[in-house]
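Chains as they are written, first to last, in this note's numbering: chain A, 427 to 782; chain R, 427 to 782; chain C, 427 to 782; chain D, 427 to 782.
Some clues are possibly wrong.
Treat identical chains as interchangeable: a pair holds within one or across any two.
[Stated by the list, open to error] The list that follows gives simulated cross-link-like pairs (lysine-lysine, DSS-like), each with its CA atoms no further than 25 Å apart:
no. : residue 1 : residue 2
1   : Lys549    : Lys428
2   : Lys481    : Lys648
3   : Lys641    : Lys481
4   : Lys744    : Lys761
No lab work stands behind these hints: they were computed from the structure.
Protein chains: 4
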Amino acid sequence: MKRRIGILTSGGDCPGLNAAIRGVARAAYEMFDAEIVGIHDGYRGLIEGDCSEMKRSQFSGILTIGGTILGTSRTPFRDMRKIGDDQVDKVAAMKKTYKAQKLDCLVTLGGNGTHKTANLLAKEGLNVIGLPKTIDNDLYGTDFTFGFHTANDIATGIIDRIHSTAASHGRCMVIEIMGNKAGWLTLYSGVAGGADVILIPEIPYNINKVAEVVKRRAESNKGFTIIAIAEGAMDREEAKLKKKDREAKRAASHFSASAYLAQQLQEAVGVEARSVVPGHIQRGGTPCAYDRILSTEFGVHAAELIRDEIYGVSVALKGNQVHHNLLSEIAGVPKPVPVDHQMIVTAKNIGISFGD
Amino acid sequence: MKRRIGILTSGGDCPGLNAAIRGVARAAYEMFDAEIVGIHDGYRGLIEGDCSEMKRSQFSGILTIGGTILGTSRTPFRDMRKIGDDQVDKVAAMKKTYKAQKLDCLVTLGGNGTHKTANLLAKEGLNVIGLPKTIDNDLYGTDFTFGFHTANDIATGIIDRIHSTAASHGRCMVIEIMGNKAGWLTLYSGVAGGADVILIPEIPYNINKVAEVVKRRAESNKGFTIIAIAEGAMDREEAKLKKKDREAKRAASHFSASAYLAQQLQEAVGVEARSVVPGHIQRGGTPCAYDRILSTEFGVHAAELIRDEIYGVSVALKGNQVHHNLLSEIAGVPKPVPVDHQMIVTAKNIGISFGD
Amino acid sequence: MKRRIGILTSGGDCPGLNAAIRGVARAAYEMFDAEIVGIHDGYRGLIEGDCSEMKRSQFSGILTIGGTILGTSRTPFRDMRKIGDDQVDKVAAMKKTYKAQKLDCLVTLGGNGTHKTANLLAKEGLNVIGLPKTIDNDLYGTDFTFGFHTANDIATGIIDRIHSTAASHGRCMVIEIMGNKAGWLTLYSGVAGGADVILIPEIPYNINKVAEVVKRRAESNKGFTIIAIAEGAMDREEAKLKKKDREAKRAASHFSASAYLAQQLQEAVGVEARSVVPGHIQRGGTPCAYDRILSTEFGVHAAELIRDEIYGVSVALKGNQVHHNLLSEIAGVPKPVPVDHQMIVTAKNIGISFGD
Amino acid sequence: MKRRIGILTSGGDCPGLNAAIRGVARAAYEMFDAEIVGIHDGYRGLIEGDCSEMKRSQFSGILTIGGTILGTSRTPFRDMRKIGDDQVDKVAAMKKTYKAQKLDCLVTLGGNGTHKTANLLAKEGLNVIGLPKTIDNDLYGTDFTFGFHTANDIATGIIDRIHSTAASHGRCMVIEIMGNKAGWLTLYSGVAGGADVILIPEIPYNINKVAEVVKRRAESNKGFTIIAIAEGAMDREEAKLKKKDREAKRAASHFSASAYLAQQLQEAVGVEARSVVPGHIQRGGTPCAYDRILSTEFGVHAAELIRDEIYGVSVALKGNQVHHNLLSEIAGVPKPVPVDHQMIVTAKNIGISFGD
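Isolated chain A, as found in the complex (with noise of 0.2 Å):
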């Protein structure tokens, strides 16, 4: 058996991509005559033709290493989002790409976006296999998207130093954590650097309780009050506003939700409040432990589904165990945290806020 593979990531770069990239890679070549095409900067790539044949040394060593050697690009994906005019043109050079690489089949790695494109050309008839990637953990279909435990990891780590500061100078520090659409990132990161106060999108934050907390708290022995918030997190009011009006507030502001909120907390309690932003140092370096394994057994489940001749799926994980869904039943389906998901009830109970 003989298999010609083309291999993208696309949408926003995330540590374990390299990882399964070497999961894939390495198991095709063990386990059957594969032949790896990389494919450039995303769908990008795929639309201009512009990949190469890759050579079996260039998967070596690149386990622990952040980032995506293939490079990723975001803008072509928006692009695909409804199929006018040009969007046909460009799902017509994709497959131009795919036959005149004389690909078997395509594996693409990245999050909703990228599965949605990944199903229109499952649709259009390529054999595809999605690899779900994303540190917003934001994919439905699978219990864990790699990427998310080393953003994680990294986000406790900042909320770990940020205490310092907080309990020395008995300040409010509100820690703006990754994830625009879903709290998934900031719940884990925010119960596990012992934050008092988690807002998230999925549950507008009433100020007025917020407030209270940190009252409390500055008015007790301990002083100080660490809030992790979602950037996509909003009170009652914002939350009442239509997307695009929220937006425009927002942007006419200069605020982030951070900033936002501890500008209100100054102004309702009185109490010193700061707000860190550590953007993008969420999303790089080296995959955690957790991460290359998942990304690991994602790639090389990959390679034995191409191995079987299954198409049109996304690998995903399910408990402990790595299986797949049809691309159909996921692609671009959201998965936000649920309001009585059993780690909020384990936070309330230990006395953390969610401010409503």
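Given chain A, work out where chains R, C and D should sit, using these hints.
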């Protein structure tokens, strides 16, 4: 409702013990009228009545601290294994302390030995709840114990560092990972650290197969080999011996598993092979984000069980859900790595050798 | 010999404060009959008489802890800068507390502001010893302050993580490092992190020169650029403004140094440029090995000075030797990076641009 | 000006080698018309003519990588120590390669052995520049070698982790730090890690003094003791033996320094004492920020020396200034810790015992 809760940590120390203690305490204080009695140095404190009521503030700031604020010891539980006269006395002493302290229940944090004693006490009529901790992950009934993922992070980081020396010198490096009876930690850190060979107690190795891998790599342009070996791993000859004879043989040679293998390889293959035994480094220091979360969830679930007056159980993780098992069904039952475990299949599919 | 020692930490928190406090205390207890009075929240505690005698055990286990167990504040010292009526009152209040507490001497840990006040108190006849702490390393008379190397480790680690994203997306990443007046931290972490451009307050930058570097790299096979910029860095146009006007301009635009530069570059070069502002993360958490040693040496030297009754001085590092300077000669004197500093020459010799 | 530069790394691998190689190369390419020839596996490659001209891109992205991209070996230099017939042949072979490759100069990165050979080659008329690397910091003429501070960070982190187990179990933990002839690494990491006892080769220890400390702490409310011992440390009885006899005695007992001490303490004090031998972990992985800077400065200074045609020297750090020494004056001269070194005085002043 009022509850007076005794709590102890027993067996080898492990990251997450303090996080779990904090979880029990914070949730108990939050959910009901709780008094908490800290029992010192594991069952020793329970036997000798060495314990003291704790203040709420003592559970603050310990989430990130390694080890256990309650102290621990190994000896007493070993005596528990078979109930002779001395043991009867000890059980009586423990019951006496339980009564004298007017405890409503006892929470024990530990591994297999700890759970055996916990089960014994439950049979004697005490209200006992077990929390499964160990870096070895070898407790039946739970997918993961807390401490395991931190140890995995540490062991993986160690393999990463050893890679530099192995590659620079073109050497075979043999890294001995903790795990006498179960190979979980070696399997996980071996995959995460990019080991070429993984040797675990569950799969006695054929020295010739291992030598072949080392030789093939020494002759390739790689030139080096990384072997992750569990401290309880053995070759096929050793595996045929009775446990007692095997241990006597090892003791006589002053050789650890890794030193023994390194010598075998130097003799068999003629390559430069060095062993590294990181030992206790793998069990100390601040718990990783994953373990802080798992420990907190386990601790909080224990408090929920106390609230609901459910005793004679041990907290456990099943998939992503925290629940509990009957102590009588899981106490002392080991959990070796199944030889057909998905991660072993995965590892073999990327060419990792298990020496079989 | 008996000595009653007051100790306080003032200004922004910084890794190594607790290690230095421990050094003073352990050496004092070891060398003579010492009593130690902890003064809370910096000079605020001295003004308000908020202090308490400490127990020996309070200095145990704090070597590795970030922040300061004594608390700190910024405000009071700012009032000290010019001695008006209110300040006279505060000085009187501090002298009163010193007397009421029957102190033999006062050890102050802080930066330039703290040292100014320390010098003022020394002139008023109090026995004062200063210890130089700050992550900015901008204190005259000492080669290094403690806290600097930890911040350098953190900032370097941040640049490392950002490299993944920069390389994967082919982006220009602008990382804002702490340092309003001095560029030490940006210079060191920029070199250690492999930055392509380093911009510091001491060398106002020419935006065209920076744009050139970014453009040249964007067009090369590298494709990405890493810029380390101090929060106090400015372009040549800004540098011509008066400080007041410059700050007003910045405040009006809501732009940090990095966001301002990123916008300039997007407009000038047309590349995708993103800014990251790690902020307080750089000053928290456990001190690195270097800072634990330096803090301990500084603290112990303070105790040696107390033993020898040498006051009115500040501890300092000269080469590898710990010694001390007269407070009157160093208090409040800044230490900018000399523009011909060996490390700048080194950096330029490997092609790093300073935008000049 | 054109220069053809040979470069090699010799002796044990060490963090910062790649950073220094990159420093030499980038500065050479930047400052003049350079060609760089990589010599493989240290002097072995020079003897055997195993080398190849490198491309500029090979020096990119290696700043943060542990080990050495050139490979290293220990054996050849050992043969160099005394010039017998075989050695004469090897020197001739090295000169032949130097000529065949048309080198203008040779840069050697290594420790004392490497420098001896470098000096020998300089005497033979080759243009040689040495760069001092070793985690042991035992090279005369430089305040610090690169690699040392990374090893110090690692060793300190190891002691931190061991603290958890020591405190939780009330044990005496004996941690063996690298350093056969010099105690720098043990001294620094012992102070940074908060060790109670520090034992180094320069100060043979009195076992009774060590036992006293352990006993006193075991009986206090602390209960545990942390001992940092250099692999070359010895008690006073051993110190009286000739080196050869001492090594024979050790080899016969299969005991490392730490295992030997742990046994002595168990017998003498009756406490539970455990030894940990982290070994090679201390020399691998990414260099810390300090070492990346020092390595870069050393590498760049080597290129500056080549530009200025200054040969027969070794680069060195004096205070905070990078300069150079004559190879003939420093080659092979050891640098033990002076027994009255300021850090030893500091350590004693906070009650740390050196067993003397």
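Consistency of the hints with the structure:
no.: 1; hint: Lys549 / Lys428; in the structure: within (24 Å within a copy, 60 Å between copies)
no.: 2; hint: Lys481 / Lys648; in the structure: between (58 Å within a copy, 15 Å between copies)
no.: 3; hint: Lys641 / Lys481; in the structure: between (61 Å within a copy, 23 Å between copies)
no.: 4; hint: Lys744 / Lys761; in the structure: both (14 Å within a copy, 21 Å between copies)
Comparing the model with each earlier hint shows no violations; every hint is respected.
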